[in-house]
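Numbering (this note's numbering), first residue to last: 1 to 366.
Warning: the hint list may mix true and false statements.
As the list claims (entries may be wrong) - Capping the alpha-carbon separation at 30 Å, the derived lysine-lysine pairs in BS3-like fashion look like this:
(1) K213 x K261
(2) K41 x K71
(3) K62 x K41
(4) K45 x K76
(5) K62 x K19
(6) K76 x K62
(7) K205 x K261
(8) K205 x K119
(9) K71 x K45
(10) K19 x K66
(11) K76 x K41
(12) K285 x K254
(13) K66 x K105
(14) K105 x K71
(15) K76 x K66
Hints are computed from structural coordinates only; laboratory data are not their basis.
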Amino acid sequence: MAKHRNPLPDNVQWHEQTKRFMARKMYKGHRYCAYHLTSAKLALKELESMIDEAKRKGTPSKVLLKDYIDKYLDIKQERDNIRDNSMHNIRYICDHYIRIYEDTKMQEFDPQAFMDELKTSLAPSTLRNVFAALNGILGLARRDGVIRFVADDIILPRAVKKTKGMVPVEVIDKFMKSIAHSTFFDIIYFSMHTGLRREDVVALKWTDFNFKKHTLTIQRFYISPDGGKTWRIEDEGKTRLSRRTIPIYPWLSKFMAQRPKLGEYVFYNASGNMYHPSALANRFKQMTTAFGLEMSWHGMRHQFASTLINQGVSPEVIAYLLGHATIQMTQQYAHIAFEYAEKTLNGVRAGVNKKNDAPASAEAST
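Between the sequences and the hints, there should be enough to build the whole structure, so can you do that?
Okay, structure coming up:
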């Protein structure tokens, strides 16, 4: 006999054996049951939630995540017709991060938990690239009806890993003095004060400079379309804004104009050949490590951008100088400049607060 006097909602009954309200419903050949100790409405609400979850996941399927990874890469390569180096980056993202779960069924894969797990180990830019690739993969599965949830339901988490901070100017000066007699000095000195990528610098020709106007035209790039197996000169860079004409410091322009011209290209190694981007980056890392400085070749680009932000240059100007495709790429350096400025101001305040270091104006007012 029922415990209640009022009629129960549809699909709900009193389960005498367990002394609970039980809500039941068939959905696509599966029976779903939900229970509640005191409320028939809450049991029904729980049942509806279970049915909604089943609808969200869709019909049970044996399709694996790797099937849609391959389909996504094929579409990117054939339909979107993107550049070789960009395609290499997309394949790298899929192979090194998403393929770890390639044998997981599409409906059992939890994309939000996957993204949340990566946020503690990846840089913000890499995390965004993984998020974009995952959205593309899930979008294809959603279109085919394999999964019901939409890719927009996934939230891009904020990366926990921070970009390395600015290196104090005096440390950079000491490092440059320590390599003053190295054959690598000129190319490092130039890169440190332009923020150019290594593939941009090694492909520069003397005809790219206008020493009267102190400008530089970046119009060719030494890139590897297959992840480092082969290298070649291309007229397309990493982003759509890689080809550009930028101003350079007048004193840097004068420094470059006085260098000996050994060939059509600006920089040559000790053997008289073009620098190889990988060898250049490896040698720079050896030099910084020997000096005790933690900086990669790309770190010079970070240092250049962060220094300009610290001097009040707008992110839009810096984005143009660096060839960034979006302003968001440049804004990642803003917190570095803030932390550097904060440390500097804290040091000044510490000096002023000392009784012996009080400013003359403060002493006069007392």
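To see whether the hints hold, each was checked on the structure:
no.	hint	in the structure
1	K213 x K261	holds (19 Å)
2	K41 x K71	violated (45 Å)
3	K62 x K41	violated (35 Å)
4	K45 x K76	violated (43 Å)
5	K62 x K19	violated (39 Å)
6	K76 x K62	holds (24 Å)
7	K205 x K261	holds (10 Å)
8	K205 x K119	violated (41 Å)
9	K71 x K45	violated (39 Å)
10	K19 x K66	violated (46 Å)
11	K76 x K41	violated (49 Å)
12	K285 x K254	holds (28 Å)
13	K66 x K105	holds (9 Å)
14	K105 x K71	holds (15 Å)
15	K76 x K66	holds (15 Å)
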